[in-house]
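So the sequence lines, in the order shown, correspond to chains A and B. Numbering-wise (the numbering used here), the first sequence opens with residue 1251 and increments by one. Numbering-wise (the numbering used here), the second sequence opens with residue 1251 and increments by one.
Treat the hints loosely; a few may be bogus.
It does not matter which identical chain is meant; a pair holds if it fits inside one copy or across any two.
Using 20 Å as the maximum straight-line C-alpha spacing, the simulated DMTMM-like pairs for lysine to aspartate or glutamate come out as follows [to be verified]:
hint	residue 1	residue 2
1	Lys1253	Glu1331
2	Lys1253	Glu1295
3	Lys1253	Glu1267
4	Lys1308	Asp1282
5	Lys1308	Glu1271
6	Lys1308	Glu1327
7	Lys1308	Glu1324
8	Lys1308	Glu1295
9	Lys1281	Glu1267
10	Lys1253	Glu1288
11	Lys1308	Glu1267
12	Lys1281	Glu1295
13	Lys1308	Glu1331
14	Lys1308	Glu1283
Source of the hints: derived by calculation from the structure; they are not laboratory data.
For reference, the chains in residue letters:
Protein chains: 2
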Amino acid sequence: MAKFMDVHNGFVGVTAEQLREAHDRDLAIEKDEGVHFERAWLDPEAGKVFCLATGPSKEAVMRIHERAGHPTPEVYELTVEVA
Amino acid sequence: MAKFMDVHNGFVGVTAEQLREAHDRDLAIEKDEGVHFERAWLDPEAGKVFCLATGPSKEAVMRIHERAGHPTPEVYELTVEVA
């Protein structure tokens, strides 16, 4: 299982409730691709959303986001993590 | 205390050890600005690094990264988080 960060643009002014709804649409179908979206963060001023996910491939992550209505081409595979 | 995601470009081919060293340089001085870098993730193919931090301001995060030798203008304040 690999780890991914994806980035969405254009979420300016989005509310906490709207992010919750968008994230829930991912969670509802993520099992179809063996993906799990662990967490999502929003900067509503810049309109940026970052999602941390695990899954079998970048394409699997992209397919879930696309079906959930918020496609993004920006998905990065995180092969190194430090804390 | 606010939460931030910052993004670095140009880290193509960077190793786990090099990321560890870069992150340790942040950790060594982060208290000067009341910042804490919780986690950093690397995609060495795309050359992207994402750092999740807490701190008093975007500028405080930027000052630590600048002093540690890896400045970035891309720092986002994460006012919403879902899991």
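### Query
Any hints this thing doesn't respect? Which numbers, in order?
Numbers 5, 9, 11, 12, in rising order.
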